[in-house]
Amino acid sequence: MAYFNFTKIVPPAPNDPTVNEATQLNNNWDHIETKLTPYVNGGSLSGLEAGQEFLGTPGPRASVWNGTARREPDDIDAAWTAWTAVPIISPRVTRPGNILKWRQNPLMRKVELRGGVLFDASSNAWTLGATFLITNDVAGGIPGTSFPVGGAMIGPTPTAIAAAPAIVAGAYVTVDKPVANTFCRIRVQYMGGPGGGNFIALDQIWWWY
Amino acid sequence: MGTYTNTLKLYKPVDVEVVDVEQHLNYNWDICDKQFKRLLEYEYVNAPNPDVTEALNASRYYKPYSNSLIAWLPSAGGFWQDPMTFVSDWVDARFLLTEDWNSFPDFRICYRVITKVGGTTSTVEWAGAFQSVTQGPMGFGASQTVIPPDQIPVGVRPNAAHYFTANAGNTAANYAFARLQFNTNGELLFYGYGNTPSAGASIENRVELTDVSYCVEVTGT
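Just so you know, the sequences run in chain order A and B. Residues 1 to 209 (this note's numbering) are what the first sequence spells out, left to right. Residues 1 to 221 (this note's numbering) are what the second sequence spells out, left to right.
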């Protein structure tokens with residue numbers, strides 16, 4: 001709540017033909033000056049009331065005075081967790097050089113993936129139209145506190161195909177809750193053409209939680 | 001003669017002075033109106049490089065775009081962007097393309113960097129679209145170089161290859177889409193799937209970079 005309470009106004013009497021400059025005008029101008037100056041110049045703490053925003057120093061950054069101290073916005077950048085490898089369920093394997101990883105940001109309530117998976121350690125072809133389990137209720141996985149909002153997220157994702165010519169090669173990724181409800185489940189459905197592809201990339205998969 | 005407040009220059013009449021409505025009251029209200037306006041309203045602009053001259057003269061902070069972040073703040077006679085919420089201007093990337101590709105008219109390819117000073121999670125966002133320089137078929141079924149190696153600046157390249165599925169359009173009935181590959185050497189490769197799009201200047205005959213973004217720092221190992 002912003003405080004612009006004009007407590008120094010002295011109401012004139014009914015039909016008062018005169019204005020008292022000190023009590024009815026100038027005190028209010030001083031009050032407005034005090035309240036607005038932190039926004040205009042920055043760095044001034046004088047006259048701040050709890051809840052008032054101001055431009056603090058160093059910076060200046062937009063801050064809020066909580067009555068005793070300056071409160072700055074949370075650091076969204078620092079809120080990202082480290083990139084962590086996703087545990088893959090055999091016989092699917094992560095792609096060397098493009099390890100499937102995840103990170104999350106509790107301030108943004110967002111999870112991001114990057115990296116890719118192979119059909120198996122020999123990079124055999126994916127089966128057209130079939131759904132494959134990538135990770136499930138596995139310790140070290142993406143925690144259930146980060147399930148996609150609404151319960152599930154389905155998005156398109158690219159594939160790299162081993163042999164040309166390809167007709168169409170792509171995949172769909174589904175992120176949802178497994179039965180055990182503890183860690184996120186990730187499945188992919190391969191939509192490639194004959195010949196299959198050698199990996200599915202999850203670089204563009206992210207969701208809100 | 002009265003006095004003026006230090007910052008806003010609001011006139012304060014002395015007690016023996018007859019109050020002039022126009023000079024002693026209305027002028028002060030106008031000053032307050034201008035100052036409060038910036039606090040209560042967004043400064044909405046579409047330009048990627050907004051003109052902040054007016055804001056500078058008024059020495060007020062500045063809220064570009066329609067978000068609620070206070071992104072620009074006055075500092076020492078200039079304007080300064082909060083490093084904790086830093087978003088770069090859109091950088092024109094048309095000149096990175098090989099001679100075989102053009103930026104789509106009125107939808108130039110460009111990128112911006114979201115980071116903070118000293119931060120370790122820079123995100124690069126791309127936008128715009130490209131098409132064959134001849135506006136002809138885009139040569140599906142083979143990997144093609146759209147931006148050659150070393151062209152995407154250091155700091156904007158990913159530390160591990162990133163792949164995206166993008167709309168490649170088609171004026172014919174058959175669907176077509178593309179796989180985009182941003183490599184660590186600063187190149188962008190394109191691999192088309194589906195039927196070759198019809199030639200021409202249709203908005204369907206292009207590859208879009210909309211919604212392509214990646215974290216620069218994450219490694220592949």
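Warning: the hint list may mix true and false statements.
Listed below are the simulated SDA-like cross-link pairs for lysine to any residue, each with C-alpha atoms no more than 20 Å apart in a straight line [what the hints assert, rightly or not]: (1) B:9 x A:78; (2) B:34 x A:31; (3) A:110 x B:121; (4) A:110 x B:94; (5) A:110 x B:122; (6) A:110 x B:87; (7) B:9 x A:107; (8) B:12 x A:18; (9) B:34 x A:30; (10) A:110 x B:31; (11) B:116 x A:107; (12) B:34 x A:21; (13) B:9 x A:31; (14) A:110 x B:218; (15) B:9 x A:22; (16) B:12 x A:31; (17) B:12 x B:31; (18) A:110 x B:115; (19) A:110 x A:148; (20) B:12 x A:28; (21) B:9 x A:33; (22) B:116 x A:72; (23) B:116 x A:78; (24) A:110 x B:114; (25) B:9 x A:28.
Listed below are several chain B residues computed to face chain A (Cβ distance under 10 Å; list not exhaustive) [to be verified]: (26) 14; (27) 84; (28) 218.
Note that these hints are calculated values from the structure, not bench results. Glycine is no exception: its CB is placed at the ideal position from the N, C-alpha and C atoms.
Check your understanding: Does residue 148 of chain A lie within 20 Å of residue 110 of chain A when you go C-alpha to C-alpha?
Key -> holds (9 Å)
**Study point:** 20 Å limit on alpha-carbon distance, applied to hinted pair residue 110 of chain A and residue 87 of chain B
**Key:** At roughly 19 Å apart (the allowed maximum being 20 Å), residue 87 of chain B and residue 110 of chain A satisfy the hint.
Check your understanding: Would the hint on residue 84 of chain B stand, with a C-beta cut-off of 10 Å toward chain A?
Key -> Hint on residue 84 of chain B: holds, closest Cβ of chain A at ~6 Å, below 10 Å.
Exercise for review: Given the hint that residue 116 of chain B pairs with residue 107 of chain A, test it: the Cα-Cα distance must not exceed 20 Å.
Suggested key: Holds, because 16 Å separates the two Cα atoms, which is no more than 20 Å.
Check your understanding: Going straight from one Cα to the other, do residue 110 of chain A and residue 121 of chain B come out at no more than 20 Å?
Key -> holds (14 Å)
Exercise for review: Take the C-alpha atoms of residue 9 of chain B and residue 78 of chain A, compute the straight-line distance between them, and say whether it is at most 20 Å.
Suggested key: violated (41 Å)
Review point. Taken at face value, is the distance from the CA of residue 114 of chain B to the CA of residue 110 of chain A at most 20 Å?
Key: At roughly 16 Å apart (the allowed maximum being 20 Å), residue 114 of chain B and residue 110 of chain A satisfy the hint.
Check your understanding: Would the pair residue 110 of chain A and residue 218 of chain B pass a check requiring their Cα atoms to be no farther apart than 20 Å?
Key -> Satisfied, since the Cα-Cα distance of roughly 16 Å is no more than 20 Å.
**Study point:** chain A contact restraint for residue 218 of chain B - C-beta distance below 10 Å
**Key:** holds (5 Å)
Check your understanding: Does the CB of residue 14 of chain B sit less than 10 Å away from some CB of chain A?
Key -> holds (7 Å)
Point to revise | Pair hint residue 110 of chain A and residue 122 of chain B, alpha-carbon separation not exceeding 20 Å | key: The given pair, whose Cα atoms are some 15 Å apart, holds under the 20 Å limit.
Review point. Has the given pair, residue 34 of chain B with residue 30 of chain A, been kept, meaning a C-alpha gap of at most 20 Å?
Key: holds (17 Å)
Going down the numbered hints, you'll see the structure goes against 1, 4, 7, 10, 12, while the others check out.
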